[in-house]
Amino acid sequence: MTELIHIGLGPRSYNVHVAPGIAAQAGALLKPFARGVVPVVTDNNVAKFHAAGVIGSLRAAGLEPRLVTLEPGEQIKSFAGLEKLCSLLIDSGVERGGLIVALGGGVIGDLAGLAAGLVKRGLDFAQIPTTLLAQVDSSVGGKTAIDMPQGKNLVGLFHQPKAVIADTSLLATLPRRELLSGYAEVVKYGALGDLQFFAWLEANAPKLLGGQSDAVVRAVAHCVRMKAAIVARDEREAGDRALLNLGHTFGHALETAIGYSGVLLHGEAVAIGMVMAFRLSAKLGLCPHADGDRVGHHLQAVGLPVSLDSVSPRPSTDELLAHMMHDKKATGGKLTFVLVRGLGKAVVSDDVPLAAVREILSA
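Mapping the sequence shown onto the working numbering, position 362 (from 1) lands on 348, and the numbers just tick up by one.
In short, the hints are calculated from the structure, not lab data. One or more hints might be untrue.
[To be verified] Derived pair list, reagent style EDC-like, types lysine to aspartate or glutamate, alpha-carbon separation capped at 20 Å:
no.	residue 1	residue 2
1	Lys269	Asp279
2	Lys34	Glu60
3	Lys148	Glu221
4	Lys320	Asp295
5	Lys148	Asp110
6	Lys70	Asp110
7	Lys331	Asp279
8	Lys148	Glu164
9	Lys320	Asp337
10	Lys320	Asp304
11	Lys331	Glu164
12	Lys17	Asp110
13	Lys331	Glu223
14	Lys269	Glu345
15	Lys17	Glu81
16	Lys34	Glu57
17	Lys148	Glu50
18	Lys106	Glu69
19	Lys320	Glu345
20	Lys148	Asp220
21	Lys269	Asp226
22	Lys148	Glu69
23	Lys320	Glu223
24	Lys34	Glu164
25	Lys320	Asp226
26	Lys320	Glu305
27	Lys331	Asp180
28	Lys70	Glu60
29	Lys106	Glu60
[Claimed, not checked] Here are the computed distance ranges between Cβ atoms for each label pair:
no.	residue 1	residue 2	range
30	Gly328	Pro(-3)	36 to 46 Å
31	Arg107	Ala46	23 to 33 Å
32	Ser348	Ala215	32 to 42 Å
33	Arg162	Ser302	29 to 39 Å
34	Asp220	Ala46	35 to 45 Å
35	Leu340	Pro274	15 to 25 Å
36	Arg45	Gln136	26 to 36 Å
37	Gly39	Pro299	40 to 50 Å
38	Ser298	Gly83	43 to 53 Å
Built from N, CA and C at the ideal position, the CB exists for glycine as well.
From just these sequences and the hints, can you work out the full model?
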């Protein structure tokens, strides 16, 4: 059974299709938006497992797929990587009014989406996310970006896809660490806005992480529905959408400090950041310490890091604070944090004492 979630954005509306095996229907699902040459942007790792099936489906629908492969890793989300991809897309023969398919995780989705928004002054694109993190979060909502030395995702634009095809069976090829990285974002949804879902995760994490199809589909679809509701209210992050950044102000600073290396995956940084956000909230008297302990215990129980001590070498407090000041959510020289008034009750605050942040980072 396919879970169909509608992202209601007026003329930019689209559907997210969630089901095992649905990538085989990519050609039929994307044909209404495509014509002629369809570049399929992926990385070398994903291509080995999933490119042939998607290419075959597009070809069977009468389209002309062109495989465009990049090296894997966060480092490709750079101006050099963007320039390379734009050049490859132009060489592919895709026409203005054509469609680009992003087949991969968050890195490919972010980079291909940004390139699609720029090449020939804007091409349509679709997402076929192949990681849990991308299926529940980065493939939905139209955020595209590259990283800068000063911070993560600082250069980009909002460019909504025409469709998202979340084939949960593709997750079977993920290394355990990548799966856990995505699971941190799943937990985030419960922690920011749905205590009942968080409790379901506590009871069902082994099934989800063990690949039980019903559990995976339920979790992915639930997260997408939560994000769809928020994005429909606040497409460009002027208000409620910032809630989706729970743990990310700390997490992005961590990723920047270690140079976007494999020392820390995005979801691992978010896991640490979420625990720190709960601790900061408790310190400010917004929520009980027990709520942060509950989140940290669950993340740690499944194998995710929950403290800066797990990062080696551990970045200094001053370094992390400096990176936070470059965060996109910083305004008027003040840091904006997503805090919590309890599990499932996230709030945005732009009046957090710097001394309290420093204390949390130094603990």
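Results for each hint:
As the CA atoms of Lys269 and Asp279 are separated by approximately 13 Å, the hinted pair is consistent with the 20 Å bound. The hinted pair formed by Lys34 and Glu60 meets the criterion: a straight-line CA distance of about 19 Å does not exceed 20 Å. Distance restraint check for Lys148 and Glu221: the Cα-Cα separation of roughly 15 Å lies within the 20 Å cut-off, and the hinted pair is therefore satisfied. Using a Cα cut-off of 20 Å, the hinted pair Lys320 and Asp295 is violated, with the two alpha carbons roughly 27 Å apart.
The straight-line distance between the Cα atoms of Lys148 and Asp110 is roughly 7 Å, inside the 20 Å bound, and the hint therefore holds. Straight-line distance between C-alpha atoms of Lys70 and Asp110 comes to about 19 Å, which keeps the hinted pair within the 20 Å bound. Pair hint Lys331 plus Asp279 holds up; C-alpha atoms about 16 Å apart against a cutoff of 20 Å. Distance restraint check for Lys148 and Glu164: the Cα-Cα separation of roughly 26 Å exceeds the 20 Å cut-off, and the hinted pair is therefore not satisfied.
Proximity of Lys320 to Asp337 is assessed by CA-CA distance (about 7 Å); at most 20 Å being required, the pair is judged to hold. Pair hint Lys320 plus Asp304 holds up; C-alpha atoms about 16 Å apart against a cutoff of 20 Å. The suggested pairing of Lys331 with Glu164 is violated, with an alpha-carbon distance near 27 Å, which exceeds 20 Å. As the CA atoms of Lys17 and Asp110 are separated by approximately 12 Å, the hinted pair is consistent with the 20 Å bound.
Pair hint Lys331 plus Glu223 holds up; C-alpha atoms about 18 Å apart against a cutoff of 20 Å. Distance restraint check for Lys269 and Glu345: the Cα-Cα separation of roughly 10 Å lies within the 20 Å cut-off, and the hinted pair is therefore satisfied. About 15 Å separates the Cα atoms of Lys17 and Glu81, which keeps this hinted pair within 20 Å; it holds. A C-alpha spacing of about 12 Å is found between Lys34 and Glu57, which places the hinted pair at or below 20 Å, so the restraint holds.
A C-alpha spacing of about 18 Å is found between Lys148 and Glu50, which places the hinted pair at or below 20 Å, so the restraint holds. Between Lys106 and Glu69 the CA atoms are separated by roughly 13 Å; this keeps the pair inside 20 Å, and the hint holds. A threshold of 20 Å between alpha carbons decides the hint, and for Lys320 with Glu345 the separation of about 17 Å falls inside it, so the pair holds. A C-alpha spacing of about 18 Å is found between Lys148 and Asp220, which places the hinted pair at or below 20 Å, so the restraint holds.
Using a Cα cut-off of 20 Å, the hinted pair Lys269 and Asp226 is violated, with the two alpha carbons roughly 23 Å apart. With a C-alpha separation of about 23 Å, the suggested pairing of Lys148 with Glu69 is violated against the 20 Å cut-off. Between the alpha carbons of Lys320 and Glu223 the distance comes to roughly 17 Å, so the proposed pair stays at or under 20 Å and holds. The suggested pairing of Lys34 with Glu164 holds, with an alpha-carbon distance near 17 Å, which does not exceed 20 Å.
Distance check on the hinted pair: Lys320 and Asp226 sit about 19 Å apart at the alpha-carbon level, within 20 Å; holds. For the proposed pair Lys320 and Glu305, the alpha carbon gap of about 16 Å is at most 20 Å, so the pair holds. Simply put, Lys331 and Asp180 have alpha-carbon atoms about 8 Å apart, close enough for the 20 Å limit, and the pair holds. For the proposed pair Lys70 and Glu60, the alpha carbon gap of about 15 Å is at most 20 Å, so the pair holds.
The straight-line distance between the Cα atoms of Lys106 and Glu60 is roughly 25 Å, outside the 20 Å bound, and the hint therefore fails. For Gly328 paired with Pro(-3), a C-beta distance near 38 Å keeps the hint of 36 to 46 Å intact. Evaluation of the 23 to 33 Å hint for Arg107 and Ala46 yields a pass: the beta carbon distance comes to about 31 Å. Under the hint 32 to 42 Å, the C-beta atoms of Ser348 and Ala215, about 37 Å apart, fit the expected range.
Between Arg162 and Ser302 the Cβ separation comes to about 31 Å, which falls inside the hinted range of 29 to 39 Å. Range check, Asp220 to Ala46: about 39 Å between beta-carbon atoms, so the 35 to 45 Å window is met. A hinted range of 15 to 25 Å holds for the C-beta pair Leu340 and Pro274, which are about 24 Å apart. Against the hinted window of 26 to 36 Å, the Cβ-Cβ separation of Arg45 and Gln136 comes to about 43 Å, which falls outside the hint.
About 42 Å separates the C-beta atoms of Gly39 and Pro299, a value consistent with the hinted range of 40 to 50 Å. Take Ser298 and Gly83: their Cβ atoms lie about 49 Å apart, and the range 43 to 53 Å holds.
Hint compliance for this structure: hints 4, 8, 11, 21, 22, 29, 36 are broken, all remaining hints hold.
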